Structures are given as C-alpha cells and as structure tokens.
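Engineer: Chain by chain, the residues run as shown.
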Amino acid sequence: MIKLRLSLFLCLLVSYGAVAEYRATGDLGIVIERAKGSALIINTSQRSILAKIESLGDLSHASVVFSRDERYAFIFGRDGGLSKIDLLQDKVAKRIIQAGNSIGGAISQDGHFIAVSNYTPGGIKIFLTETLELVAEIPAEYGENKLSKVVGLVDAPNQQFVFSLFDAGEIWLVDINNPKKPEIKKFKAIGKQPYDALLSPDGRYYIAGLFGEQGLAVLDLWNPEAGVKRILPDYGKDDEKLPVYKMPHLEGWAVAGDYMLIPAIGQHEVLVIDKRTWTLVKRILVTGQPVFVMARPDGRHIWVNFAFPDNQKLQIIDAKDLTIIKSLAPGKAVLNMEFTPRGEEVWVSVRDDNQLVVYDTEIFKEIIRLPAENPSGIFFSSRAHKMGL
Amino acid sequence: MLRNLFLCLGLLSPAQVLADPPPQERQETLRNMLRDDCGACHGLTLKGGLGPALLASDLAAKSDDYLDTIQNGRKGTAMPPWKPFISEQETLWLVQTILKRH
Numbered sequence: 001m002i003k004l005r006l007s008l009f010l011c012l013l014v015s016y017g018a019v020a021e022y023r024a025t026g027d028l029g030i031v032i033e034r035a036k037g038s039a040l041i042i043n044t045s046q047r048s049i050l051a052k053i054e055s056l057g058d059l060s061h062a063s064v065v066f067s068r069d070e071r072y073a074f075i076f077g078r079d080g081g082l083s084k085i086d087l088l089q090d091k092v093a094k095r096i097i098q099a100g101n102s103i104g105g106a107i108s109q110d111g112h113f114i115a116v117s118n119y120t121p122g123g124i125k126i127f128l129t130e131t132l133e134l135v136a137e138i139p140a141e142y143g144e145n146k147l148s149k150v151v152g153l154v155d156a157p158n159q160q161f162v163f164s165l166f167d168a169g170e171i172w173l174v175d176i177n178n179p180k181k182p183e184i185k186k187f188k189a190i191g192k193q194p195y196d197a198l199l200s201p202d203g204r205y206y207i208a209g210l211f212g213e214q215g216l217a218v219l220d221l222w223n224p225e226a227g228v229k230r231i232l233p234d235y236g237k238d239d240e241k242l243p244v245y246k247m248p249h250l251e252g253w254a255v256a257g258d259y260m261l262i263p264a265i266g267q268h269e270v271l272v273i274d275k276r277t278w279t280l281v282k283r284i285l286v287t288g289q290p291v292f293v294m295a296r297p298d299g300r301h302i303w304v305n306f307a308f309p310d311n312q313k314l315q316i317i318d319a320k321d322l323t324i325i326k327s328l329a330p331g332k333a334v335l336n337m338e339f340t341p342r343g344e345e346v347w348v349s350v351r352d353d354n355q356l357v358v359y360d361t362e363i364f365k366e367i368i369r370l371p372a373e374n375p376s377g378i379f380f381s382s383r384a385h386k387m388g389l
Numbered sequence: 001m002l003r004n005l006f007l008c009l010g011l012l013s014p015a016q017v018l019a020d021p022p023p024q025e026r027q028e029t030l031r032n033m034l035r036d037d038c039g040a041c042h043g044l045t046l047k048g049g050l051g052p053a054l055l056a057s058d059l060a061a062k063s064d065d066y067l068d069t070i071q072n073g074r075k076g077t078a079m080p081p082w083k084p085f086i087s088e089q090e091t092l093w094l095v096q097t098i099l100k101r102h
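Protein sequence lines correspond, in order, to chains A and B.
Per the numbering used here, the very first residue in the first sequence carries number 1; after that it's consecutive.
Per the numbering used here, the very first residue in the second sequence carries number 1; after that it's consecutive.
FYI, nobody ran anything at the bench for these hints, they're computed from the structure.
Computed from a predicted structure; not experimentally measured.
Keep in mind that the hints are not guaranteed to be accurate.
Heads up, simulated DSS-like pairs for lysine-lysine below, C-alpha to C-alpha not over 27 Å straight-line [to be verified]:
| id | chain 1 | residue 1 | chain 2 | residue 2 |
| --- | --- | --- | --- | --- |
| 1 | A | K192 | B | K100 |
| 2 | A | K146 | B | K62 |
| 3 | A | K365 | A | K326 |
| 4 | B | K75 | A | K192 |
| 5 | A | K229 | A | K180 |
| 6 | A | K91 | A | K52 |
| 7 | A | K246 | B | K83 |
| 8 | A | K185 | A | K386 |
| 9 | A | K180 | A | K241 |
| 10 | B | K75 | A | K241 |
| 11 | B | K83 | B | K100 |
| 12 | A | K241 | A | K229 |
| 13 | A | K320 | B | K83 |
| 14 | A | K188 | A | K36 |
| 15 | A | K237 | B | K75 |
| 16 | A | K365 | A | K91 |
| 17 | B | K75 | A | K188 |
| 18 | A | K229 | A | K146 |
| 19 | B | K62 | A | K36 |
| 20 | A | K192 | A | K246 |
| 21 | A | K386 | A | K275 |
| 22 | A | K386 | A | K332 |
| 23 | A | K332 | B | K83 |
| 24 | B | K83 | A | K241 |
| 25 | B | K75 | A | K146 |
| 26 | A | K185 | A | K282 |
| 27 | A | K313 | A | K326 |
| 28 | B | K62 | A | K313 |
| 29 | A | K229 | A | K386 |
| 30 | A | K275 | A | K36 |
| 31 | A | K94 | A | K146 |
| 32 | A | K237 | B | K83 |
| 33 | A | K246 | B | K100 |
| 34 | A | K180 | A | K386 |
| 35 | A | K241 | A | K186 |
| 36 | B | K75 | A | K246 |
| 37 | A | K275 | A | K188 |
| 38 | A | K192 | A | K313 |
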C-alpha cells in the first residue's frame, strides 16, 4: 500500500516535473534503505519524500558524500559499489563496482576527487568526481604482503585524505596535489585496531578510536611532524569492558566550547574531553552503549543513539552542564540521525518500524513520521560544504 | 522470505537436523538478527566486513566450534558473546541456517 502510494506520488511528480519547477538542491538529502538496496531523495523544508532510487546493491553501512555544487550524491555501498546520483533528475548518473567490500568514502577539498576506503582489497581508490574514472590506487600494505582493511577515511585541507588501517594499526596521510602520484606519509604503531575516525570541524585534528586497546590516537594536521599522540590511555582500564554489539561511529564530532564528546567503546558512557589538554573531563552515564554522539550544529545539545539491545532509545545531553536533559523512544532500531543545516530539526531513522521521524530539536516534539523501508543512514546536502563529512 | 524459509527447511534431511527449529516467529526474529546485528560486522549479505565472511562456501574450509564462538564470543577479536540473547538450541539452528545458505 505504501509502495503504491509512493509510486502514485512519483508518477504525479514526474508528470508535474515535466512542466515545471526548478529544483534547488540545498534542501535535499539522501536516506539509505539498506535492506532494499535503494535510496530516497528527500526534501528537508517540505519534509517530504521526492523519489526512490533503486538497484544500488548492498547498502549495509552505506555512506554518502555530496558534490560541491550539491547536484550529485555519491553513495558508497558495502559491495564496493559507487553510485553517482543526480538529485535534479532522480536517477543514477553513473555506477561502478570498484572493489569487493568497502566501508565508506570522502570527497576532496576541491571537489574533483572521490576516495573510497575498501576492506577487500584493503586500501583506498581515488576517482574523478566527474566521470568516476580511476585516478590512483593506494593498497594498504603492511607486514609481509598483507593488506589491511581501511576505516575512518576523511578529506582534509590542502587536498589531503587521511585514513586508518584496522589490521595494521596505522594512520596514513595522503596528499593528492599531484593526483597521479599521491604522496603518502605513514604513521605506524598508533594503537591496536583503529575502528573509525573523525576530523575536527576546523580540519585540524584527525582522531581515531581504538578497539584493540584503551584510548584514542590523535594526529595534529598543523603539525604532522610531531607524529600521532595517544590520548586517554588509561581510560576505563579497571572497568569491565562490556561486549560490543555494534561498533560506535566517530563521525559527527560533538564540540561544545573546548569540550568534545565521543562514544566510549564497551561502556554505557559518553566521554567529555578537553581538547586543549586532551584530558578526560567527565564520563556521562547513558542508557546503553553509544553509537552516534552528534552535536546539533549550534553545539548546544548533543544527541546520542545506542547499540543493540538499547537501540530503541535516544538521549540528549545539554552542553551547558553536560547532563542528560531528555530521553526519547522513537521506535525499534534507531540507527541514524541528521540535523537540518542550522539544526532546528533532526531526522531519525527507525529501521524496524520502517519510519523516519522528524523532531523539533528545541522542544523535542515529534513533527512528522514518514515511511521508508528499513531506513539506515541519513545524509543532507549541506554536508557538501563541510570538511571531513 | 517465507519461500526461502521453506526451501531451507526442505533441504534439511532428518539426519542433519541437530536442533529443534524455534517457533516460526522466533525464526523470523533470529533471521533479522542475523541480517542486521551479525550483519553489522559480517555484512548484511554475510560477505564479510570488519568480521569475516559467513557464507557457507567460506565456512566450508574451516572447522570451528561455532556454537562456542557465537555463545561466548571470541577473545582478542570484536566478536561478542550472544548468550544473553540466543539460546544454545537457537544458536545451533542459526549455524545450520548459515551453512545451508548459498
């Protein structure tokens, strides 16, 4: 029934689109329907679903970046698929299978290059944004002819990409000013099993979370010669580490003044770190193991979702006094959140209820629920102009 | 989904059935867990991710105590124990289900 209504709506839309209306892309976003291998194009001002793009392959853990002109969305699928979606025409402009198993991607500072991080074969590949033509390939080699899975790939200032090697415990900094001959700086022994990473919004710090040992690894891109620094090495050392049913995500660095908030791995805690000294300020007890810890764009509130078996909840932390001010229960399997560009609303995907929920972020009231088939990732076009996203 | 289920059950000869199949509704829940929660690391289609691939063809060459791995997790890796959520009987059924998948 939902499908019928949607296709009816799409038909109307297509015939309507034929006669009218330019579509600006600053209002648009992509919602991943992971199990179906499809993606929705949505409008955040109208709070509506505009189109469904199908046959995008295996979209578990899919992520999206946007072209600088916000016309195209690039979807990175688990099966190595890289799909370029035209947001003006509701169609796939180009699609390639570039690896056997991949985890994410990034777009370069100048918008000309797309980098994809792969598990199989371990490494990154760099493509032209325009044509998806392969420009460079960087295998994540370590030890004796071994290839590491690559995680935490981000873009950084001065046409650089940064990523972490899960199996090798390394961070690599790649300069693509000469795209055919990328220059690689390798930082070794940064810690065991980096599982994800983030770039601070000013593009200065690259921070990788470690699964295999305590703490985080920080690379100061203003001073890479100083090497990678380990922070919070003793954090939670004496606590029993809980089993982790879902790896946290570090993307969505939450900053409140000089503090940053990150998910603790294997603990029911959000960690508050003073980024002037890289010391732990507070451990905020939350209702489950956090997955995403995301600041509203103004930094006043931090929204947190949780891993199985606590993934039906959301909690909101007030940056003013670092306490939880609200708990919400949007539904079964709350996977992802995305704030509107200036943060007055947030979209939440509730996978097992087949819904997207939009909240007013000031009064925490539900505004609307929209149908989506097992929705997971939500990505708005405003990411186009943010470093590291 | 339902068709797959019947196909799958049809493939099991009595000799191969080690575990009593859980009730239909629970089977559905377990299949969803396999896809979504196991899939978080092993991939939605079980072709692997941070965790190894779990396709029947990948597992054929290995001789592992899957019951123990799933129930108790594996030390030194990211594999957590599923004992709090899945019984031993259900685990055995799940292992059979995975080994029968193509």
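Engineer: Now look at each hint and say whether the structure bears it out.
Structural biologist: Evaluated hints:
1. Between K192/A and K100/B, the direct Cα distance comes to roughly 35 Å. Violation of the 27 Å bound is thereby established for this hinted pair.
2. A C-alpha spacing of about 21 Å is found between K146/A and K62/B, which places the hinted pair at or below 27 Å, so the restraint holds.
3. Under the criterion of a C-alpha separation no larger than 27 Å, the hint pairing K365/A with K326/A is consistent with the structure, at around 11 Å.
4. As the CA atoms of K75/B and K192/A are separated by approximately 14 Å, the hinted pair is consistent with the 27 Å bound.
5. Under the criterion of a C-alpha separation no larger than 27 Å, the hint pairing K229/A with K180/A is inconsistent with the structure, at around 30 Å.
6. For the hint linking K91/A to K52/A, the alpha-carbon distance of about 9 Å falls within 27 Å, and the restraint holds.
7. Among the hinted pairs, K246/A with K83/B is consistent with the structure: their alpha-carbon atoms are about 16 Å apart, no more than 27 Å.
8. Proximity of K185/A to K386/A is assessed by CA-CA distance (about 24 Å); at most 27 Å being required, the pair is judged to hold.
9. Between K180/A and K241/A the CA atoms are separated by roughly 44 Å; this puts the pair beyond 27 Å, and the hint is violated.
10. Taking the CA atoms of K75/B and K241/A, the gap is near 12 Å; set against the 27 Å cutoff, the hint holds.
11. With a C-alpha separation of about 22 Å, the suggested pair K83/B and K100/B falls inside the 27 Å cut-off, and the hint holds.
12. This hinted pair checks out: K241/A and K229/A have alpha carbons roughly 23 Å apart, not beyond 27 Å.
13. With a C-alpha separation of about 40 Å, the suggested pairing of K320/A with K83/B is violated against the 27 Å cut-off.
14. Under the criterion of a C-alpha separation no larger than 27 Å, the hint pairing K188/A with K36/A is inconsistent with the structure, at around 39 Å.
15. Distance check on the hinted pair: K237/A and K75/B sit about 17 Å apart at the alpha-carbon level, within 27 Å; holds.
16. Taking the CA atoms of K365/A and K91/A, the gap is near 34 Å; set against the 27 Å cutoff, the hint is violated.
17. The hinted pair formed by K75/B and K188/A meets the criterion: a straight-line CA distance of about 24 Å does not exceed 27 Å.
18. A C-alpha spacing of about 25 Å is found between K229/A and K146/A, which places the hinted pair at or below 27 Å, so the restraint holds.
19. As the CA atoms of K62/B and K36/A are separated by approximately 31 Å, the hinted pair breaks the 27 Å bound.
20. As the CA atoms of K192/A and K246/A are separated by approximately 18 Å, the hinted pair is consistent with the 27 Å bound.
21. With a C-alpha separation of about 20 Å, the suggested pair K386/A and K275/A falls inside the 27 Å cut-off, and the hint holds.
22. About 31 Å separates the Cα atoms of K386/A and K332/A, which puts this hinted pair outside 27 Å; it is violated.
23. As the CA atoms of K332/A and K83/B are separated by approximately 21 Å, the hinted pair is consistent with the 27 Å bound.
24. Pair hint K83/B plus K241/A holds up; C-alpha atoms about 16 Å apart against a cutoff of 27 Å.
25. Restraint check for K75/B and K146/A: the C-alpha separation of about 23 Å stays at or below 27 Å, so the hint holds.
26. This hinted pair does not check out: K185/A and K282/A have alpha carbons roughly 34 Å apart, beyond 27 Å.
27. Of the pairs offered as hints, the one joining K313/A and K326/A holds, with about 11 Å between alpha carbons and a cut-off of 27 Å not exceeded.
28. Among the hinted pairs, K62/B with K313/A is inconsistent with the structure: their alpha-carbon atoms are about 38 Å apart, more than 27 Å.
29. At most 27 Å may separate the alpha-carbon atoms for a hinted pair to count; K229/A and K386/A meet this at roughly 25 Å.
30. For the proposed pair K275/A and K36/A, the alpha carbon gap of about 41 Å is over 27 Å, so the pair is violated.
31. Distance restraint check for K94/A and K146/A: the Cα-Cα separation of roughly 32 Å exceeds the 27 Å cut-off, and the hinted pair is therefore not satisfied.
32. Taking the CA atoms of K237/A and K83/B, the gap is near 25 Å; set against the 27 Å cutoff, the hint holds.
33. Under the criterion of a C-alpha separation no larger than 27 Å, the hint pairing K246/A with K100/B is consistent with the structure, at around 26 Å.
34. At roughly 25 Å between alpha-carbon atoms, K180/A and K386/A fall within 27 Å of each other, so this suggested pair holds.
35. Among the hinted pairs, K241/A with K186/A is inconsistent with the structure: their alpha-carbon atoms are about 30 Å apart, more than 27 Å.
36. At most 27 Å may separate the alpha-carbon atoms for a hinted pair to count; K75/B and K246/A meet this at roughly 16 Å.
37. Proposed proximity of K275/A and K188/A is supported: the alpha carbons are some 23 Å apart, at most 27 Å.
38. A hinted pair counts as satisfied when its Cα atoms are at most 27 Å apart, and K192/A with K313/A does not qualify at roughly 30 Å.
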